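Trainee: Residue numbers (this note's numbering): 2 to 432.
Please keep in mind that the hints were generated in silico from the structure rather than gathered at the bench.
Among these hints, one or two may not hold up.
[Unchecked claim] Distance windows between CB atoms, simulated:
(1) R136 to G79: 24 to 34 Å
(2) W132 to G365: 36 to 46 Å
(3) G168 to L57: 11 to 21 Å
(4) L389 to A140: 16 to 26 Å
(5) R297 to I107: 42 to 52 Å
(6) L389 to D367: 41 to 51 Å
(7) V205 to G79: 35 to 45 Å
(8) R165 to S129: 14 to 24 Å
It should be emphasised that the depicted structure is a prediction, and the values quoted were computed from it without experimental measurement.
Don't be surprised by glycine CBs; every beta carbon is placed ideally from N, CA and C.
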Amino acid sequence: LFTRYFQFTGAQFGLLVALPALFNALQVVLVPLLQRRYTAKRISLGAGWGHFFSLLVLAGALPLLPVEGGGVFFILLGLMAAQACLMSIAIVAWTSWAQEFTPERIRGKFFGRRNAAFQIATVVFLISVGWWLTRQGEAGPEALCFGIVTLLLISAALRFHSLRLQGRTFSPVDLAAQNGGLAASVQGRDAARPWRWQLQRILVRPQFLRYLAFGAAFGFTSGLMGPFFNVFMLDVLGMSVGQVSTVVILSSVTGAAAMAGWGPFIDRYGNRPVMAFCLVGWMVNGYLWTVTTPDRLWTLYAAWAIAGVFAAGFMQGLFGLLLKIVPPEAKSTAISLNTAATALPATAAPVLAGALLDAALAQGWDKLAVYQWGSALHHTLVLATVFLLLRVEEPKSQPLSQLVGAMRSYRNIVAVLGLSFLTDYRFYRKT
2 LFTRYFQFTG AQFGLLVALP ALFNALQVVL VPLLQRRYTA KRISLGAGWG HFFSLLVLAG
62 ALPLLPVEGG GVFFILLGLM AAQACLMSIA IVAWTSWAQE FTPERIRGKF FGRRNAAFQI
122 ATVVFLISVG WWLTRQGEAG PEALCFGIVT LLLISAALRF HSLRLQGRTF SPVDLAAQNG
182 GLAASVQGRD AARPWRWQLQ RILVRPQFLR YLAFGAAFGF TSGLMGPFFN VFMLDVLGMS
242 VGQVSTVVIL SSVTGAAAMA GWGPFIDRYG NRPVMAFCLV GWMVNGYLWT VTTPDRLWTL
302 YAAWAIAGVF AAGFMQGLFG LLLKIVPPEA KSTAISLNTA ATALPATAAP VLAGALLDAA
362 LAQGWDKLAV YQWGSALHHT LVLATVFLLL RVEEPKSQPL SQLVGAMRSY RNIVAVLGLS
422 FLTDYRFYRK T
C-alpha cells in the first residue's frame with residue numbers, strides 16, 4: 002500500500018510505520034484512566050471494536066483517495082493513527098487480561114500451542130493474500146487498490162469473529178466483577194489503586210526496571226531497519242509481492258513448527274535463557290541479508306527460514322518474562338509502562354532510519370550497498386542488547402549454559418549458523 006500504490010518517500014514511510022510505536026508510548030496516559038472503571042477484558046474489547054470499525058473506514062476511504070497529492074499522506078496519517086491508538090490500548094489490556102486466565106506453571110506450554118495455532122492460521126492467510134495481491138498488482142494500480150480493499154474487508158470480518166469469541170471468554174477477575182463488582186476481586190483491586198501508588202510499587206522492583214531498559218534498547222534498535230526490510234525486498238531486490246509473501250510464509254511455517262517446542266524449554270529453564278539463546282541465533286543469522294543480491298535470493302530464503310525458529314522462541318519468552326516479573330498489585334500499569342518504554346524509542350527509530358536512507362541515496366550511493374550495510378548495522382545493534390537482557394533477574398530460571406546443553410535437538414540449525422562448537426560442549430553441574 003505505501004510503497005507500490007502510493008509510492009511514499011522513505012521519510013513518509015518511516016513516519017507511517019512509526020505510528021504503532023508512538024501510540025504504544027502514549028497509551029500509558031490512557032490505560033490507567035480506563036482501568037479505574039473497567040476490567041482489562043472490557044478495555045481490550047472496547048478498543049478492539051473501535052479498531053474493527055476503523056478497518057471499515059479505511060477500506061471505504063482508499064478508493065476515494067488520489068494516488069498522488071500531498072493531502073493523501075495526511076489523510077492516511079490520520080486513519081492509520083486512529084488504528085494504531087486503538088490497537089495499542091487493546092494489546093496492553095489483553096496482555097494484562099491474559100495473566101488472569103493462564104496459570105504460571107503451564108503458561109509456556111499453553112502459549113506455545115496457542116502461538117503455533119496462530120502461526121498456522123497466519124500461513125494460510127499469507128498464502129491467500131500473496132496470491133491475491135500478486136494477481137491484482139499485475140492488472141494495474143486500480144486492481145491493486147481493489148485487492149487491498151478486499152483484504153481489509155476480509156480482515157475486518159475475521160476481526161469481528163475473534164471479538165465475539167473474546168467476549169465469551171471469562172477469567173476469575175471477570176466473574177468476580179460480574180458477581181460483586183471489580184472491588185470484590187482480590188486480583189482486580191489494582192485497578193482501583195491510585196496511579197502514583199502503583200508507580201511506586203513498580204519502581205521498587207529492580208528486575209522490572211532492567212526489563213524496561215532492555216525493552217527500550219530492543220525497541221529502538223529493531224525499529225531502525227526493521228520496517229524497511231520490506232522496502233529492501235520489493236524495491237531494491239526487485240522481488241514480487243508473491244515472493245515476499247513466500248519468504249514470510251516460510252518464516253511462519255518454521256516458527257509454527259518450533260513454537261510448541263519452545264514452550265517446554267521455557268517452563269523448564271525459564272524465559273530469559275531461551276530469549277538470550279534465540280536472540281543471538283536470530284541476529285547472527287540476520288547477517289545473511291548483507292550478502293543477498295537480486296541474483297542470490299536463496300540466502301534470503303535461508304535467513305527467513307532460520308529466523309522463524311529463533312524469533313518464535315524469543316517472542317514467546319519475551320511475553321512470558323513480562324508476565325512473570327510484573328508486579329501483581331499493579332500489573333495493568335506495569336504492562337502499560339513497559340509498552341510505553343519500549344515504544345517511545347521505537348517511534349523515532351524508523352523516522353531516523355528513513356531520513357538517513359534518503360540522505361545516503363541522495364548522495365548517489367549504490368542503493369543495494371546502502372541497504373546491505375544498513376542491515377549489518379541493524380543486526381549488530383540488536384545483538385548488543387543481549388547484554389542488557391542477561392542483567393534481568395528471573396525467578397526460578399536456570400543458567401543459560403543449562404539451556405544450551407538441552408539444545409542438542411537443534412544441532413543442525415546451530416551448525417548452519419557456524420556455531421557447531423556448541424554441539425560438542427559438555428555441560429555439567431558444579432559440585
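Trainee: Against each hint, give a clear statement of whether it holds in the structure.
Mentor: The hints, checked one at a time:
{"no.": "1", "hint": "R136 to G79: 24 to 34 Å", "verdict": "30 Å, holds"}
{"no.": "2", "hint": "W132 to G365: 36 to 46 Å", "verdict": "38 Å, holds"}
{"no.": "3", "hint": "G168 to L57: 11 to 21 Å", "verdict": "19 Å, holds"}
{"no.": "4", "hint": "L389 to A140: 16 to 26 Å", "verdict": "48 Å, violated"}
{"no.": "5", "hint": "R297 to I107: 42 to 52 Å", "verdict": "44 Å, holds"}
{"no.": "6", "hint": "L389 to D367: 41 to 51 Å", "verdict": "34 Å, violated"}
{"no.": "7", "hint": "V205 to G79: 35 to 45 Å", "verdict": "40 Å, holds"}
{"no.": "8", "hint": "R165 to S129: 14 to 24 Å", "verdict": "22 Å, holds"}
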